[in-house]
Each structure stands twice: as structure tokens, then as C-alpha cells.
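J.: First to last, the sequence lines map onto chains A and B. Residue numbers for the first sequence follow our numbering, beginning at 1 and rising by one. Residue numbers for the second sequence follow our numbering, beginning at 1 and rising by one.
Quick caveat, the hints were computed from the structure, so don't treat them as lab data. Bear in mind the structure is a predicted one, so any value in this text is a computation, not a measurement. Keep in mind that the hints are not guaranteed to be accurate.
Any copy will do: because identical chains look the same in the list, a pair fits if it lies in one copy or spans two.
[Said to hold, decoys possible] Keeping only pairs whose Cα atoms sit at most 25 Å apart, straight-line, the calculated SDA-like set for lysine to any residue is: (1) Lys57 with Arg158; (2) Lys144 with Pro23; (3) Lys57 with Glu160; (4) Lys57 with Ala270; (5) Lys144 with Asp204.
There are 2 protein chains.
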Amino acid sequence: VSDSPTPTMFDHDVPDDVASVAPPLETVETGPRRSAAEEARTLVAGGNAGTLATQSKDGSPWASLVAYGTLDDGSPVLFVSRLAEHARNLEREPRTSLVVAASPAGDDVLASGRVTLAGVAVRPEGDLARIAQERYIAAVPTAKAYASFRDFSLWVLRVERVRWVGGYGRMASASGPDYAAASPDPVGPNGAYAIQHLNADHADALLTMAQALAGHPDATAAQCHAIDRYGLDLFITTPRGFGLGRLPFAEPVGDPNGLRGATVELARRARAAA
Amino acid sequence: VSDSPTPTMFDHDVPDDVASVAPPLETVETGPRRSAAEEARTLVAGGNAGTLATQSKDGSPWASLVAYGTLDDGSPVLFVSRLAEHARNLEREPRTSLVVAASPAGDDVLASGRVTLAGVAVRPEGDLARIAQERYIAAVPTAKAYASFRDFSLWVLRVERVRWVGGYGRMASASGPDYAAASPDPVGPNGAYAIQHLNADHADALLTMAQALAGHPDATAAQCHAIDRYGLDLFITTPRGFGLGRLPFAEPVGDPNGLRGATVELARRARAAA
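Working from the sequences, and respecting the hints, build out all of it.
T.: Put into C-alpha cells, the structure is as follows:
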């Protein structure tokens, strides 16, 4: 868990005339956010496919699509055919990395989350090989049909370095041990359904939250654009321009069914403070 | 355009007891299929994001998400910040590759098309830089907001080698010149809407096609699973087991609106032959 404030784009080399975000007018408690390791675990748990980078025979980088299963510590399990270049590449050079991306919410894929897991691919043996095979087939059921093909082999990606990008201006790194120790967010990578529901049916409550809890008492509209186990993020319209708000839940959400109670409590707290 | 028959999985190392596909009972004309270069151009034209493989400072392969625009010859245009590892990697080692994948039709991403474009990234200059910038912004409109940021730079991926995988057992390679010379299929990467419509509303016509034109006179059901400018592909149910059918259009489809006429002609031809 990281308690850094909402990251900004301050580190881009931006000309002076680019508009900036309207700041909050009051000091507000923004609470914790998912750490890079939690973001990564959440993305990996939410998918079964990614793109692998391996090194081709001539030394050039080779990108290729793979499906994956996941071990308990978040290590991806690959099951690849020697007919595919990536499998031959791994046999020669086991250093590799895997990108897993969230399904983009709109047309702009760069606004969505993705993670690179970099490390070393190893061939699992004994019980680990059996578990890895089970996990791969659980994630990719059609693999049952070719699990016995002798040109396929299992690999476990031992993650050593994690680079997460959450969208524009949101990015952070994590170590392999941090990644292994983190847990996936039960809310999922982007909570798309909850966001849609809040914006469609609870616009008034979101506006009250923006005014009473997010430091924008002059807000005229608010829209939820992200949600996670620790809270929700708002786009806020004010006479001073466009603002951002972060609203922490009273308690982290422990399972998907806890999301409703956490947002209801937030709305109640906003009304009481308004 | 390649006129090879439907590729099979014969080159996997398959145990003897794996079931095989029911062959056609009559010799049938299967016509041309999209070449690997056409498949690649179609996938690239149908998207604006992919995963790039670059080489990290320590020599290990680095996978990362990028958006892209496209030049007329299909060369992807990248616009990346030096704050991102992939940009610094390209400056050190311009050999790179990009995966572009179709949106998976179902849960099994390995059944969907994807392509790896491998080559060298170059910094465009003069008019080419202007055009590349325009193409990137056309594909990624939000980039207008950071087009002036000085930490971003344009790259054009000069494609030297193409590896296309169309799903299970469908794969082929193409050269850079083949890729540049091919044109995207106006039907798009997977013709999802047309497939849905044919299966929902024209199951009888598909069955007649399977019986009369695809060499399976004993077919009891047929389902379209792929469509392209040259024809459509069927999954066929027969008392002998599961079969595959390929039905070539009388003429390649020249624009998206031509698809309806081509399938109507095919249905008419099937009825006449039944």
C-alpha cells in the first residue's frame, strides 16, 4: 500500500502554457492507494493473456502473444510450443518480460492500466510442474486438448522487477518480493460496473462527496472514473476548472460484495459533512 | 494472397489417440485466403495499440504497451516519452518488435489473430516527421494534449519481418516488402458483426452451403466462424464428426458494404447446387 498523493504529470517537460488541474481548496485526507505491487497482482489476476518479450537468435527483441495461468505468488505460468519462436528463445535466453493490460474502458488504451513483469523463466519440476499445469489449464481450458502434445513445455516466470502504469501520469515500480507478497484487489482491475452504476444512478451523491469530502466546495458536477478496494476517484467540474478528487473508504473492501456498503458509507459521511 | 489449403495442426507432435477432423467427402474449390501480409495489415489497420519488445540496458527483453498510428505502407508510428523505459531502450538499441492482437471473440485469446512486426525503429525527419505526427494523432486523439511535450519523440518502425498467427494451427510469415505491398482487408480483422448475423439469421443458408459447396453433403448443422474479403469459414457438424469448410466468394470484397452482396451470391449458388 502506498500513501503518496495522486501522482501528477509534473515530471513531463511541459511548456508553460499547458493548463493545470484546479487544486482542492481545503486539505483533505486522501488515504491509501493500491501499491504498484497490488496493481500488478490485480491486473494479472484479472486476465489470462499478455505479450511476452523474448530475445531472438540474432539478439533482437521479440514480442509475441501468450496465455498464462498464475501461481499463488503471482508467478505467471506459460505453456508454449517449440514450434513458436518465443519457446525457442526462452530455451536460449530465459530472461523475459510479460505485459498484462486491462481491457481499455474507451478508445484510449494509454488511459488504462498495464504492467510489465520482468524476470527469468524456469522449467518447473515435480509437484510444481503439476500445479503449474493445473493453473494453466484453469486459466486456459482449451489447453486440455493439447496438454499432452510433446512439443509444448511449461515455464514459470520468476518475477524480479515490476513496472506498473495506471494511465496518464500514474506509474510506479515494485520488486519481485513485493509483487509476491501483495494480494489482488477483490474489486478487480477497474471496477467498470460499479463506476457505470455510480455515474448513472448516484450523480448527486458523487457531487456531495466532491463538495464535502474532496476539498472542492464549489464543485458543480462530479464523475467517478476509478474505484479500488481503498476508495474512489472523481473527475470534478468547478468554476476554477477541472479538478481531481480521491475519496478513501472507511475500511478497505475485503471482497467484491463489500463495495456497495463502502460506497453507501461514503455517501452517508458526505451528506453528514455537507 | 496465398492459395494454400486450410492449414492443419499436422506439425504438432500429437499422440495417436487425438481425434482428427472429418474430411470433406468431395473435392471442393477453397479459393484464395488472406496472405500473412494481408492478415498483418488488417490487424494493424484495425487497432491503435500493441505491445513493444525492446532491449533493456542489461540486455534483457522488455515488453511494454504502446499506442501507434500507421503510415500508408503499414509502418507503425510510435510517440513515446523518455520517462518510459522503452524510449530509452530504443535510443540504445533500435531493433524492436510490436505485437498487435485482434480483440478476442471469446475467452480464449489463443484462438484469435495476432501479428508480430519486427524491424528497426528510426526517428522520422522533415515531411515524414510531420506526416508521422499527424497519423499518430489521428489514431490517438488524446496525444494532441501532449504533442508539444519535449520529452516525447516520434519513431517509425521499419518492418523487416512479419509473423502472423491466426489462431490454433493457422500461422505464416511475411517479409517487410510483402507487408508494405499488401492492403488491409475492408472486412476487418474478424468481421464479428457479419458472423453473428449469419449465424443468428441465416443458419439454413449456411447449412446448404456446407452440404452443396463445402464437400459435406451429410452436414446436419453449420456455423460461420470467420469471414474475410475472399470468403467465409464454417464449423460443420456431420455424423462422421466435426468438419471444417471454406467457401470462396465469387469476387473478393472491395469495401465493407460489399460483404452482403457476396454472401447473398454464395447462398444463391449453394441453393442452385443443392
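J.: Each hint needs a verdict: does it hold in this structure or not?
T.: Hint by hint, here is what the structure shows:
no. : hint               : in the structure
1   : Lys57 with Arg158  : both (22 Å within a copy, 19 Å between copies)
2   : Lys144 with Pro23  : between (54 Å within a copy, 23 Å between copies)
3   : Lys57 with Glu160  : both (23 Å within a copy, 15 Å between copies)
4   : Lys57 with Ala270  : neither (60 Å within a copy, 49 Å between copies)
5   : Lys144 with Asp204 : neither (50 Å within a copy, 32 Å between copies)
Checked against the numbered hints given earlier, this structure breaks hints 4, 5; the rest are met.
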